[in-house]
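Using the sequences and the accompanying hints, generate a full structural model.
The listed protein sequences correspond, in order, to chains A and B.
In terms of my numbering, the first sequence is numbered consecutively and its last residue is 1154.
In terms of my numbering, the second sequence is numbered consecutively and its last residue is 239.
Hints are computed from structural coordinates only; laboratory data are not their basis.
Don't take every hint at face value.
[Unchecked claim] Pairs of lysine-lysine, DSSO-like flavour, derived with a Cα cap of 30 angstroms:
| hint | chain 1 | residue 1 | chain 2 | residue 2 |
| --- | --- | --- | --- | --- |
| 1 | B | K222 | B | K72 |
| 2 | A | K761 | B | K130 |
| 3 | A | K751 | B | K130 |
| 4 | A | K1056 | B | K100 |
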Amino acid sequence: MFDIDKWQEIFNTIEKNKLRTFLTGFSVAWGIFMLIILQGSGIGLQKGVENQFSSSATNAIWIWNGQTSKPYKGNKPGRLITMKNDDYDFLKTHVNGLDQISGRYHVWSNVLAYKKQSGSYAIRGVHPDYQEVEKLTLLNGRFLNENDQRYKRKNVLISKLVGDALFKTEDPLGKYIKINGIPFKVIGVFVDDDGRDDNMQLVYISIATAQTVFGGERNIHGMVVTVGDANEKEAKKIEDDIKTKMANLHRYDPEDENAMFFWNSVEEFTKFQKLFASIRLFIWVIGIGTIIAGVVGVSNIMMIVVKDRTKEIGIRKALGATPGSIISLILQEAVLITAFAGYFGLVVGVGLLELVSDYIQTPFFREPEVDVSIALGATLLLIIAGALAGFIPARRAAAIKPIEALRDE
Amino acid sequence: MIQFNGIHKSYQTGNNSLHVLKGIDLKVTSGEMVAVMGSSGSGKSTLLNIIGLLDVHDSGDYYLDGKLVKDLNETKAAQLRNKHLGFVFQSFNLISFKNAVENVALPLYYQGVPRRKRNKIAMEYLEKVGLTPWADHLPNELSGGQKQRLAIARALIGNPKVILADEPTGALDSVTSQEVMELFAQINKSGITIIIVTHENDIAHQTQRIIRLHDGKIEKDHKNGHYFHHSEDEKTV
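Following this line, the structure appears as structure tokens:
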């Protein structure tokens, strides 16, 4: 089966017909290269967006205070709606299907100081459930717990960014920092890896402490609940349930979109999942288009090659070449060129992606990579296409009577 | 060596049928050197192509080396050509991207001779036709006479019984034509049958026997009086 002499004959032909070989190879290499780049970019984009979601729970409903925009039962529009600790307790006891629940109390721009280092950072007062909702990663120490909340302890969880700024090389755990002059004990260091800087420019303390120390009384700026593994529909139902109950509790028109703001991440995540599916489909359509273009290119060139070689085929036949040997000569050459060029395109494409991925690491585009099986499959497809494209004219050429092939001057 | 009994051949061009060979009876014995003459359209090239298995006759019997040639598929015909026949063409038909040695060695490739061995044999044949210094040259670097000698070396390398030459001197000047004819005479002396299609009288007269075709039929078949030959079989049909 493996005929070294035939391969020598093929290499000999390739070597003597460099331009033809290059053109065939180029269209294949280009097809594979484009496919790799497209696939890689698509995956990079998808990973980027998925990463945006990975930084907080995908099953959360976020609630913020707002201002009424419609009159309701004697109340004029423009009334501020402010949630209190009672709303937290109410949600906990009166809404079904909730998993975790946490309030948020913000204090903007505070001076945080340790020894001689200081900086301005935000404070978020939260309940212990919040770690799960925001998907914070603890580098060391612990998150805020029930006791911090109950006894209003002055414990603080700082971001790595804040830790690096205030403590430099020192281990911040157990040390006291001053927040607006009040000492807080560092109980842990976290990172929030959605790549967004503003989620790292802050520290967490328990919401009870925040309300007490920073004059919040019983006010809450926002709330977040998770809904377990509820699907889009169920989550929407829970959201509507909360909306109705909140409207009732705070006496505003349930149709009023501005009284309180809701953001349902289940709904959004589902939307994005549908978007991913369309992106994937889009990439496939373009990828298949590229492959078809490659196949057409290879077919074209193989047709020309065979036409070009009709006379040579006639000579070879006159000298004793059988039709089978003619066909296999042309086919093996086509397969060799497409396989080599396909591999070349694969290597260059993957190489470029690797190179680029080191430089382009934005939150929306990261870790572009290629499904090797797709790339290999595409190369295989092109090889088969090239062989097929060569086969039909090669068979025709091999079937021509040598005298007709020779007459072709 | 070659025997034709009532060979007919016609070509189909659109709705017209062109009857080219109208019943050819011919016998060429081993070791003969024959010229086939005739005006253009007389069917002489067709005759040569049928002998060379490059084309297929419609009716009649063709015996090559005593065997009836019938219902040959392409593969079988290719093997017979490779084993029995050598071709020399007016336009040389060398493969342009192969150098002299590789061109000469090509028939041996189709006989399955290993590369090293066939190149060595090819060098011997290049020597026979005086082209050793041009072994590495491509065909377009050679003169017409050199190209034709190269083609003759290629025709010889497969050790054929018959060499078929279609206007071998048609593209050459008179001096190189003469060289080529001398080469053919030499080859013929070694016992190989040679059939040359030509329209040049002085070329034909260097052979032992001249067959004149006219309008698809043999008009005249005679021993060449000017030619002194050694063939034992002087029979004409």
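Hint-by-hint comparison with the structure:
For a cut-off of 30 angstroms, the pair hint linking K222(B) to K72(B) stands: about 28 angstroms separates their Cα positions. A hinted pair counts as satisfied when its Cα atoms are at most 30 angstroms apart, and K761(A) with K130(B) qualifies at roughly 27 angstroms. A distance of roughly 28 angstroms separates the Cα atoms of K751(A) and K130(B); the hinted pair therefore holds under the 30 angstroms criterion. Between the alpha carbons of K1056(A) and K100(B) the distance comes to roughly 14 angstroms, so the proposed pair stays at or under 30 angstroms and holds.
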